[in-house]
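*Asks:* Residue strings, one per chain:
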Amino acid sequence: MVTERTANGVEHGSQVRPDGRCVRVRSAPAIALTKMLVIALQWTALVMINWLGYSAASALHLPLPGNLIGMLLLLALLSTGAVPARWFKPGAPLLTRHLAFFFVPITVGLMRFGGLFARSGAAILVTLVVSAAVGIFASGFTSQALGRQGGRAEVTT
Amino acid sequence: MKPLLTAFGIAVTLAAYALSRVVASRYRSPLTTPVFFSTPIVIGALLLSGLTVEDYRPAKDVMVFLLGPATVALAIPLYDNRRTLLSNGIAAVAGLITGSLTTLVAALLLAKLFALPQIVRASIGVKSVTAPIAVELARIVHGDATLVAGFVIATGLIGAMLGPWLMDRSGIRSPLARGLALGTISHGQGTAQAVSEGELQGAAAGIAMGLAAVLTSLVAPVVVPLLL
Chain A
1 MVTERTANGV EHGSQVRPDG RCVRVRSAPA IALTKMLVIA LQWTALVMIN
51 WLGYSAASAL HLPLPGNLIG MLLLLALLST GAVPARWFKP GAPLLTRHLA
101 FFFVPITVGL MRFGGLFARS GAAILVTLVV SAAVGIFASG FTSQALGRQG
151 GRAEVTT
Chain B
1 MKPLLTAFGI AVTLAAYALS RVVASRYRSP LTTPVFFSTP IVIGALLLSG
51 LTVEDYRPAK DVMVFLLGPA TVALAIPLYD NRRTLLSNGI AAVAGLITGS
101 LTTLVAALLL AKLFALPQIV RASIGVKSVT APIAVELARI VHGDATLVAG
151 FVIATGLIGA MLGPWLMDRS GIRSPLARGL ALGTISHGQG TAQAVSEGEL
201 QGAAAGIAMG LAAVLTSLVA PVVVPLLL
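From first to last, the protein sequence lines stand for chains A and B.
Heads up: the first sequence begins at 1 in our numbering, then just goes up one per residue.
Heads up: the second sequence begins at 1 in our numbering, then just goes up one per residue.
Calculated directly from the structure, the hints in this document are not laboratory data.
No residue lacks a Cβ here, since even glycine has one placed at the ideal position from N, Cα and C.
Treat the hints loosely; a few may be bogus.
[What the hints assert, rightly or not] Distance condition first, Cα-Cα at most 30 Å in a straight line; then the derived DSSO-like pairs of lysine-lysine:
id	chain 1	residue 1	chain 2	residue 2
1	B	K60	B	K2
2	A	K89	A	K35
3	A	K35	B	K60
4	B	K60	A	K89
[Said to hold, decoys possible] Ranges of calculated distance between the beta carbons of each label pair, as one might list FRET restraints:
id	chain 1	residue 1	chain 2	residue 2	range
5	B	R139	A	L94	22 to 30 Å
6	B	T52	A	A28	41 to 49 Å
7	A	R86	B	G89	21 to 29 Å
8	B	A115	A	L41	51 to 59 Å
9	B	R83	A	P90	20 to 28 Å
10	B	L228	A	Y54	52 to 60 Å
11	B	P117	A	T80	39 to 47 Å
12	A	H61	B	P117	28 to 36 Å
Just chain A, with the same shape it has in the complex (with noise of 0.2 Å):
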């Protein structure tokens, strides 16, 4: 990028591309302010979605959680067509990828069951153990059964 006019005539905050067109480009701080801005309006749009998850939830008397409800929607409304998912990008990307942050703040909350742990550490610790390794087993041992030629799920398109 030429910031400055040049020799042969460049103006300022353009460039010569490849082919000799001359292109105006934004400063970077316009760029990185644009960026910001959308992800703010993706933002604000997932925040609504979720608000209307809650509202159906709390309305419609749903034993379900608001923001499933919300995740349903956004997946009801991109598998229609209505909405498509560029539209969420990069805001929601940038979102998910940084989910486990959310859960530092609320795992701290664990220091008030130190007592718990204490006592019944142990027998959690099976539990959680026990049924995973269930779990796992039958969810792989089902699927591969199921899937096809003998369990070898080949990779088709």
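Use these hints to put chain B onto chain A, whose structure you have.
*Replies:* Positioned in the frame of chain A, the structure of chain B alone reads:
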């Protein structure tokens, strides 16, 4: 004093999270996952400064504001991976249902066998659901959101560490089945593990994570009270 406390809580949490990302980029392991690595740091910082969970609550409330929208955003990878599911429909759905139900019932029965406290038994059934949905389910099944979050993270860790070994031993080699099992039981952490095994495994795990959350949300409010 309040705003200062809130700012301190947020700063400590952000710093601990950022540190975990740096460490994880160098040493990739279930033990360097953000929550497992960062939470003890934040707890340590609070204890050292003589603060309690109550002092930390305002900071937490600010930070979790975007959790709901982030959950909604999970629809996008689900949509992007729909082909994997559609081309393996029956096997995938059957594996998903058996896996979700087996782990739910096994956890509830074991917790009962060990005579764990009521709040633990109510919370432990939904531990295979992805955390943002599990903490909401906690309210519906009369569990404790914080305990649920802890169990979810622990289950993610256990499945990601134990799952590949267990499936190697028991002859589960189909990439679809492996990804599906990891995503169904160990949600996000299992999906990360599956992604490292391959693309099909990763896609299957991502879908399984989303659908297992839907399925368990439908089933748990009915099954958990029965087995308490």
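*Asks:* State the violated hints by number, sorted upward, taking the hints as numbered earlier in the document.
*Replies:* 10
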